[in-house]
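Student: Start from chain A and add chain B with the ligands according to the hints.
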Amino acid sequence: MISTRKFLRMLFGGGLLAPFLWLAGKRKSRKAAFLWQIDPDKCIQCGKCETACVLEHSAVKCVHQYAACGYCLFCSGYYQDKRVKFDTAAENLRCPTDAIKRKYIEDPYFEYTIDESACIGCGRCVKGCAAYGNGSLFLQIRQELCKQCNQCRIAEICPSHAVTRVPADQPYIFKRPPEVKT
Amino acid sequence: MIPFLAQARFPAPEFENYTVPQLQLETLVRDPIAWRVSALLIFLVVSGLCFYRWRSSKVMRLLALAGVVIFGFIFTACPCPVGMFQNLLAAFVHGQPLGYGLLLLFAIPLAAALLFGRLFCAGACPLGAVQELLLWKAIRIPVPVDRALRFIPIAIFLFVAVAVVAGMAFPLCSLDPYLPLFLWSCTIPTVAFLVLGLFVSRPFCRYVCPYGVLLRLFSLVSWKAPSVTAQTCITCRLCEQGCPNGAILPPESAPTSEEQARGVRRLSRLIAVVPLALCLGGILGWIAAPVISSTHPAVRLLADIEAHRTGDAVEAFEASGTPLAQLQNEVAQTRHVFDWGMPLAGVLLAGAVMAELIAQARRRRESSSYTIDQSLCYCCGRCYAACPLNRKRETRKGTAT
Ligand code: SF4
Ligand code: SF4
Ligand code: SF4
Ligand code: SF4
Ligand code: SF4
Numbered sequence: 001m002i003s004t005r006k007f008l009r010m011l012f013g014g015g016l017l018a019p020f021l022w023l024a025g026k027r028k029s030r031k032a033a034f035l036w037q038i039d040p041d042k043c044i045q046c047g048k049c050e051t052a053c054v055l056e057h058s059a060v061k062c063v064h065q066y067a068a069c070g071y072c073l074f075c076s077g078y079y080q081d082k083r084v085k086f087d088t089a090a091e092n093l094r095c096p097t098d099a100i101k102r103k104y105i106e107d108p109y110f111e112y113t114i115d116e117s118a119c120i121g122c123g124r125c126v127k128g129c130a131a132y133g134n135g136s137l138f139l140q141i142r143q144e145l146c147k148q149c150n151q152c153r154i155a156e157i158c159p160s161h162a163v164t165r166v167p168a169d170q171p172y173i174f175k176r177p178p179e180v181k182t
Numbered sequence: 001m002i003p004f005l006a007q008a009r010f011p012a013p014e015f016e017n018y019t020v021p022q023l024q025l026e027t028l029v030r031d032p033i034a035w036r037v038s039a040l041l042i043f044l045v046v047s048g049l050c051f052y053r054w055r056s057s058k059v060m061r062l063l064a065l066a067g068v069v070i071f072g073f074i075f076t077a078c079p080c081p082v083g084m085f086q087n088l089l090a091a092f093v094h095g096q097p098l099g100y101g102l103l104l105l106f107a108i109p110l111a112a113a114l115l116f117g118r119l120f121c122a123g124a125c126p127l128g129a130v131q132e133l134l135l136w137k138a139i140r141i142p143v144p145v146d147r148a149l150r151f152i153p154i155a156i157f158l159f160v161a162v163a164v165v166a167g168m169a170f171p172l173c174s175l176d177p178y179l180p181l182f183l184w185s186c187t188i189p190t191v192a193f194l195v196l197g198l199f200v201s202r203p204f205c206r207y208v209c210p211y212g213v214l215l216r217l218f219s220l221v222s223w224k225a226p227s228v229t230a231q232t233c234i235t236c237r238l239c240e241q242g243c244p245n246g247a248i249l250p251p252e253s254a255p256t257s258e259e260q261a262r263g264v265r266r267l268s269r270l271i272a273v274v275p276l277a278l279c280l281g282g283i284l285g286w287i288a289a290p291v292i293s294s295t296h297p298a299v300r301l302l303a304d305i306e307a308h309r310t311g312d313a314v315e316a317f318e319a320s321g322t323p324l325a326q327l328q329n330e331v332a333q334t335r336h337v338f339d340w341g342m343p344l345a346g347v348l349l350a351g352a353v354m355a356e357l358i359a360q361a362r363r364r365r366e367s368s369s370y371t372i373d374q375s376l377c378y379c380c381g382r383c384y385a386a387c388p389l390n391r392k393r394e395t396r397k398g399t400a401t
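Protein chains in written order, with this note's numbering: chain A, 1 to 182; chain B, 1 to 401.
Think of the hints as simulated: they come from the structure by calculation, not from any bench.
Computed beta-carbon distance windows for the label pairs:
{"no.": "1", "chain 1": "B", "residue 1": "S174", "chain 2": "A", "residue 2": "D115", "range": "28 to 36 Å"}
{"no.": "2", "chain 1": "B", "residue 1": "A8", "chain 2": "A", "residue 2": "W22", "range": "45 to 53 Å"}
{"no.": "3", "chain 1": "B", "residue 1": "R147", "chain 2": "A", "residue 2": "A131", "range": "54 to 62 Å"}
Under 7 Å between C-beta atoms, here's a sample of chain A residues computed to sit facing chain B:
{"no.": "4", "residue": "L23"}
{"no.": "5", "residue": "Q65"}
{"no.": "6", "residue": "Y66"}
{"no.": "7", "residue": "C149"}
For clarity, every value in this text was computed on a predicted model and none was experimentally measured.
Ideal placement from N, C-alpha and C gives every residue a C-beta, glycine not left out.
Excised from the complex, chain A in its bound form (with noise of 0.2 Å):
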């Protein structure tokens, strides 16, 4: 037999179980993994990314889509606006980490690669890119260096909401066509 106390005390036990079992079973989306990553169509290259990740080298890189580029000779993601001519001399170069490499490939087409170890994701290439060429170039958290924050910081912070959860198994987001736009 239980005691009266021992039947209370399940009583008690079970209120409180009660509602987050109800709030789990109602829950809409039931995959089973979720990680965070930037929607490169809503990203307005602010530069908050390179600082707001929780780790000390951010997690976001630049990645570049080679099949959208122009492999322009003058590319607007390699060189400043206020360059003071078209030479590799530092000053005159959009990454601050000079983490894009520049190969010759045929005249007069270049091959613009991010070395990843160096990009800190500061976006300022993207911006570039995004503002006077094709937009080849974009950020996106890298998942193996993201350590999967319950909140992402960047996504707390990001002025246009581009950092949403999606699913494992599509973990990055390439960017659509302007017209296929939502």
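Tutor: Structure of chain B with the ligands alone, referenced to chain A:
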């Protein structure tokens, strides 16, 4: 993943002998949540064995060390069960994704509390484990102050709940002072809490942690209860002094008739002020509502737009092409949530305060020994070490071998 151009100002060149490289990003992302959940389960079982079988404060200290290493540094602390009620609320109110793993992470420590008390706090919680290891010279906090400060976690819990329902980013996650530690960095709150933790036992657990509120509730009715000693208590009070968390309850004798009469009077007075307290809580919440809602990003954005201020958020809003009416609508909704939620939270907080006062005013069950109040016990085992009866047995064993 088919690449698309956002804009095509320049056509893709045609190369003679160069193939355009493909953008390759790892699609197979390791999902550590299953590991985390299994580790938590195993750790809780071990904690239970250590706390109820081994009964040694040294073993519990080792357990805390293991907890810091495993859950703090290997799993980098976040996401941990402490913040998980935010996810649950966000999933329910906003349909935010919530995986099974996180749900289990939230539920397992509570289930353990329902069965064995706050085993989770012993070491499986990286925040608690750090504080456990740090305590160096415990300052005794006067009981009334301690009791008053213990209402802060309830207030934080309620505030965080309202904020999450209102669509703010999880406020608790930015409140956690220990997370930077596990990422090998440091902030001012981290240092402050670490230094405080040298002299005050578990400052975060006792006076901040909102998950502790749930654990406290759940462990109120836990199935198995620890006892300071297996032998008959000699009421030496040493365990009460040994517990840095104020979790030891003194013996309760049968009341004299005078005491009883005084108790009844106090109780009736307390019950009489309950409605007053609830009203006061509601009013305080109502006063706080506009202050707090003005920190919501959408509210701030609208204020910026109306005042023609510029900034990243305004720029992003204009770039997104969202109609202003939609933002106004969102702001109105946010304000609505705060206007109702904060007074409600105030009432609930006042209710919790009154419930605690009443619980303390009423007589406990008679008992002739010092007992452990499980709802406040972090399973550190210090009282086991403090009890002379336990010590005697140890020395006897020591001399025998
Ligand atoms: S914080 Fe947001 S808008 Fe700013 S660079 Fe990062 S993703 Fe883009
Ligand atoms: S400009 Fe910034 S985002 Fe672009 S490659 Fe350099 S460091 Fe990375
Ligand atoms: S989830 Fe954490 S680690 Fe990942 S990008 Fe956001 S802040 Fe950085
Ligand atoms: S009280 Fe909170 S922070 Fe402290 S050990 Fe328990 S769950 Fe962790
Ligand atoms: S085990 Fe619990 S009651 Fe005993 S000293 Fe530790 S916190 Fe206090």
